[in-house]
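2 protein chains.
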Amino acid sequence: MSPSDSASSRDNTWRENWESASGFSSPTRLHSPPHIGRISKPGRSSYSAEQYELSPNLEEWSRSAHRHRLRPHYREGDTIDWWHEDASERERWKSMVSQHGLRGLLSPLMDVTKLWFIIIFTGICVGLAGGWLDILVMWLSGLREGRCARGFLWNQIECCAGVEPGEVCHDWQSWGEYFGISSILGQSLLHSFAYISLSTAFAASAAVLVISYAPYAFHTGIPEIKAILGGYPWTLLIKALGLALSVSSGLSLGKEGPLVHVSCCMSFLFMKLFSTFHGNEVRKRKILAAAAVAGVSVAFGSPLGGVLFGLEELDAFGGDFDVMWRGFVTSVIAAVALQYVDPFKTSKLVLFQVTNGSETWLAFELIPWLCLSVIGGVLGSLLIKLNIAAAVYRRNSILHELPIIEITGAAAVTAAVSYLVVFLRVPSSDLVANLFQECDPQRIDFHGLCNPTAMWENVFLLVLTGVVKIGFTAWTFGMMVPAGIFLPTIAIGATFGRAVGLLTQGLYRAYPKAWFFSACSPDPTVRCIYPGFYAVIGASSMLAGVTRMTVSLVVIVFELTGALSHVLPIMISVMISKWVADALGPDGIYASWIALRRYPWLAPFEFRDNGEIAADAMTHVSNLVVLNEVSSLGELKRVLNTWEYHGFPVVRNGTLLGYVAREKLKSFLEPLLDGSGGETRIGHFSGAQDGETADLSPLLEDAMQLRKEVPLELVVNMFRKLNLRHIMFSQAGALTGMITKTDIVALSTAHFEHRGVLAVERTSTG
Amino acid sequence: MSPSDSASSRDNTWRENWESASGFSSPTRLHSPPHIGRISKPGRSSYSAEQYELSPNLEEWSRSAHRHRLRPHYREGDTIDWWHEDASERERWKSMVSQHGLRGLLSPLMDVTKLWFIIIFTGICVGLAGGWLDILVMWLSGLREGRCARGFLWNQIECCAGVEPGEVCHDWQSWGEYFGISSILGQSLLHSFAYISLSTAFAASAAVLVISYAPYAFHTGIPEIKAILGGYPWTLLIKALGLALSVSSGLSLGKEGPLVHVSCCMSFLFMKLFSTFHGNEVRKRKILAAAAVAGVSVAFGSPLGGVLFGLEELDAFGGDFDVMWRGFVTSVIAAVALQYVDPFKTSKLVLFQVTNGSETWLAFELIPWLCLSVIGGVLGSLLIKLNIAAAVYRRNSILHELPIIEITGAAAVTAAVSYLVVFLRVPSSDLVANLFQECDPQRIDFHGLCNPTAMWENVFLLVLTGVVKIGFTAWTFGMMVPAGIFLPTIAIGATFGRAVGLLTQGLYRAYPKAWFFSACSPDPTVRCIYPGFYAVIGASSMLAGVTRMTVSLVVIVFELTGALSHVLPIMISVMISKWVADALGPDGIYASWIALRRYPWLAPFEFRDNGEIAADAMTHVSNLVVLNEVSSLGELKRVLNTWEYHGFPVVRNGTLLGYVAREKLKSFLEPLLDGSGGETRIGHFSGAQDGETADLSPLLEDAMQLRKEVPLELVVNMFRKLNLRHIMFSQAGALTGMITKTDIVALSTAHFEHRGVLAVERTSTG
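Protein chains in written order, with the UniProt record's numbering: chain A, 1 to 766; chain B, 1 to 766.
So here's chain A without its partners, still in its complex pose (with noise of 0.2 Å):
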């Protein structure tokens, strides 16, 4: 039966709401995209969210979505319950094994190598793709500062192979050199135009390449992997080419985040390979957290903090260990494969190597490095404000509307203005391979960093550098082209790291008998600080006070330096940075782009409520859209056709019998309605007692139960360990109210300001 009257008229005005609030019209409703089974609050539409979800079929679906007859049995753009795909795996799972004879053992071993060829492979493809990548990189930002003599399609390292460290490189031309230009003049000129017009070709056309061929392959693709793990097969090359470009550009933007979503794209595409895996979100889900495991690995040379990244940051590892063993398998052996290709001719993962002079660091160090892990927390808590304000300011802006303008002015100015500071004018990466060096007499000096007479101009450099790099940072993350934001914080944080090392360094010089640096030898000769750790201490507390994670953050700037010995500062820079920027704002920028593109995805940290109960959070009964135990198939088909819910709770007098999935409910009703009659026929959800009643109980799914007087903090604990879709609540046996994912994920994001400010808007079909 419907809802009882008093039920629906209220029901009625809600859905008016839901309509003005959605932008839905009832008669399209049906060809638009599902909504999740919440009964949203007025006012509140939770629907951008879930259109973005799976996102392979987004492309797909924008474009055909009127064809809703092409939907596969689990549409497109709902949040995944994980309770009920498990249980579909399982019968999956078991009627294989049960198969008789030789088919009952081949295909289990049939399935699991299926699953393994596609991890392997995808861990192959990812270390492959980022070496490569690498090396593309290397070769078009030095297009941007000359040639070389071997031949045009050499890069600087590989030009630069055989010479010693120490020595210059005569096989490496700058374009003056190239072009034979004497005049001091003529050459300024001719390499800041050639800077600058480069670093704009390269950031318009891997503008071009993303806005025109595969408009969701912007950004970092952390946000949406954490959110949604899905991959399009198509932007796997757009992103790949347009990160290489991007990247070159000069723009303040790091691989990494990009790379991540690259891998994912890969995995999905052997996933296409094989039938096993359509069907299965769960399934396709934990393959891509493997994936994600491997991009991770691959960006920052780090295979396990790849995986304790996905411990710490997505939701598909929830303490399952065969994810986690995949993606350990899969995260070193993409790092094994970006070893063979040795971008960096190294021989070495590690990417950003420090040459520690000493193995130990001395106790008064920790003051310095506790000014820079506060220093990092502020900045990072300001990067990320400055950041959201760029976001919602383009939003509303002109500029939301004229994306390739924006980001080719935008790498303009990043390069007009980089190519007057030092620091910036180099590649991100170099900038801070070069300050986490230790100064060292064999080494060129990385201009004029270690010349002791220059303190002060290198302190203001570093920190000028540092200050237009948030700046630059703040506006470019979120402008549509691939971007990550891990180098890019590195950057920032290794420079005003270094300046404070650099502060230290001459304090003892000018003071070395000081009580202060008793620790130190008192022949000002002999080194005492090494500014180059500083740099690292920088740099991993800027991360801290950005990205808020804690564990896989250090392991992976450990296994980023090979710092193990002074893992220790490390940690507590961490710390510090998280608590100082905790205080200021309580989300990363991760989960700040989360709430602002308004993504179902429950933040791991521990929600507090302050007393409250779930039956302040929950949709009450009256609210509710419930089926009767009994009903006619003629009104159960109306429901179907009236709301768009994922599913409805079924009860008798009030008392609920369970769940019924809207899926479940029209596939079976649709063989029974085809002719005509059937009409109404009485369906019964508890079993039918006669030939005539449609027996409707094998849809009736299990609902969790509880009280509605639960702290809500269990709730969410519950959603967010269970991996629920939703839960039931009920007094006595009588449902009382209800309560879905996407109610947990905008209580949970409430406190954000500008929530949904992002969130994509419907794309119209009706």
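There could be a bad hint or two in this list.
A pair holds if it fits inside one copy or across any two, identical chains being indistinguishable in the list.
Capping the alpha-carbon separation at 25 Å, the derived lysine to any residue pairs in SDA-like fashion look like this [stated by the list, open to error]: (1) K664 to I613; (2) K721 to W515; (3) K666 to S88; (4) K664 to P512; (5) K666 to P586; (6) K664 to T680; (7) K94 to L747; (8) K94 to A617; (9) K94 to A750; (10) K721 to I613; (11) K345 to A363; (12) K637 to L669; (13) K666 to V630; (14) K721 to V282; (15) K114 to D609; (16) K666 to A732.
Think of the hints as simulated: they come from the structure by calculation, not from any bench.
Position chain B against the provided structure of chain A, taking the given hints into account.
Relative to the frame of chain A, chain B by itself:
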């Protein structure tokens, strides 16, 4: 109201069954430790499993079990219900924060400070203790062979500190040299006498110490940690000393597991300093989990491995990132403290540094490594089976009563046999370190292992050593001395691995030009096969076969050996070995011991039902003791006096209202029933209507409700992920049954033949 008449007669039958099964009789029931809130099926005594719970109180309890007035609110012996403990922790925090003025600011701060004080000091103390234990063990085991000329208290490493590798250390004198005995016969007799007698004496002292002073300090501690995460203050010293003595005695055991327990004891001692931690079991356990991680970190010099061990093996981690982060901090601090002590004078955390001749490995080597993985899986499974057989045999034989004699005898036999075989005679850690080393002309050749002409002798000796060690280890692990299984397992695996390595190397030397070796240089003097790394592979696959750990094992192995470049073959071998071993028997050594002792611990791996639903495992409502919504207080008291269950479902005409915990109900009833006449007063669980009726509604707790048709797999998953104690089943609101954690544990260990054989018997009190 007590159960209805028909139900209560059924209950009586069942009660008798239960009493006979658990050895209880009515009058003593209240003096016995509590029975957790489960309705055991007749004949299946879940009793002793819980008795062990939260062990700090166990000793005290066994001494004063009849002083039940002294029991704290939360009774020892209970399975912790995280669901409800979390709620009380939340209450505590809220009331603390909501205090007025400065108190509201300072007391949360103090609370956090106390927590971190414990975490940090546990880390430091565990690191120092681990280092000092290593030094003590080296001195004690050195004593069996000789003494240092520089002083009696110097161990061999300190004694030979200045000696270059490759030189002979003249300061270290064997007993023959010290006593000036020149005849070879005399020397041999003296040496064997000193070796065997001292070994036996050490083992006997360890046994006496442990059995007289801390009967629960025996064994590895890892099954106990996994299941219980408890620690006894007094056991700390005994365990540490007993550990040093038993490791030095040459018995086939490792220091790892016990060190984990020592670490937990330490943090427990620190917790005793603060009243904040009293009464909050979840909080205690989370700290103990961090301490356990530090123990692993120190035992293996593997801070990351420790954290991953925690993730993979400890219940308490369950997706909680606070716990993970705390574990990481403790772990790293402990590792730094260990490095500060530097017991092996290597300035390295890495215990068994692998000296990799080559950075790469060759594809054909995968074939011998594959063989090694299979060997590891088979032998690992065999070791578990032998070990369990030995444990069961011991339990049923007279040896059970004579632990000191058994230990002394075992030590004597071990020492006598070991003295004859050169690889058995040295301490296991020395053996492993040498087997992992590649041959190097600059180092002393370890007992001719690098002599190419003695290949067959070496292979024979290595295999003999491995086989003997399997036997010894299977017997030793389970005796009443502190013992770990990790090191002996590594040693066994390393002997077989090195043997396979030597064979492969011999094959290469014999046929250097075979197609099989085409990747090697055709000149046999150029090294191609590195048998030391084969030992690492052997050790990892043996470990995987015995412990069935995956990610954490790989991380521990590569932190142990520093072989990051070879992580891929290590991973493959772990994977294959685990598959082979799983095929031969599903349980690892820890899971087996947990089943033997019947601890209430749920294995993290996925439970697969064979189509069973919850109804197949639940206790039917007719066998449950349920309370009615409206009951007289006297009746409630009688139910409390009659039944020992942790709590009771509350119903109204069969409709489930909630759950009331025994302790809550009891402490509520006591003041009301203190005088006389209260017995006939009516209590109402839905709230009192008038002043006469006692309002019991605040006692009602929420109960997780499911339909009984839910697949069993999902029920098990919920218990695991939410750390529940019970789930209620209802049909349209009516209570149909209940499953408790103990039921689930029984279910998941049902396949285990000797389940509960070693469960501790009830110490009789009545």
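Now the hints, each set against the structure:
1. K664 to I613: Answer is between; shortest inter-copy Cα gap is 21 Å, intra-copy 32 Å.
2. K721 to W515: neither (53 Å within a copy, 54 Å between copies)
3. K666 to S88: Close inside one copy (18 Å), not across copies (45 Å); limit 25 Å.
4. K664 to P512: Classified as neither; 78 Å inside a copy, 66 Å across copies.
5. K666 to P586: neither (43 Å within a copy, 43 Å between copies)
6. K664 to T680: within (20 Å within a copy, 53 Å between copies)
7. K94 to L747: Between copies only: 20 Å across chains, 38 Å inside a chain, cut-off 25 Å.
8. K94 to A617: Between copies, since 20 Å is at most 25 Å while 38 Å is not.
9. K94 to A750: between (42 Å within a copy, 21 Å between copies)
10. K721 to I613: both (18 Å within a copy, 22 Å between copies)
11. K345 to A363: between (36 Å within a copy, 23 Å between copies)
12. K637 to L669: Within one copy, since 7 Å is at most 25 Å while 54 Å is not.
13. K666 to V630: Answer is within; shortest intra-copy Cα gap is 16 Å, inter-copy 44 Å.
14. K721 to V282: Both: 15 Å inside a chain and 17 Å across chains, each within 25 Å.
15. K114 to D609: between (44 Å within a copy, 24 Å between copies)
16. K666 to A732: between (30 Å within a copy, 24 Å between copies)
Of the numbered hints given earlier, the model fails hints 2, 4, 5; all others are met.
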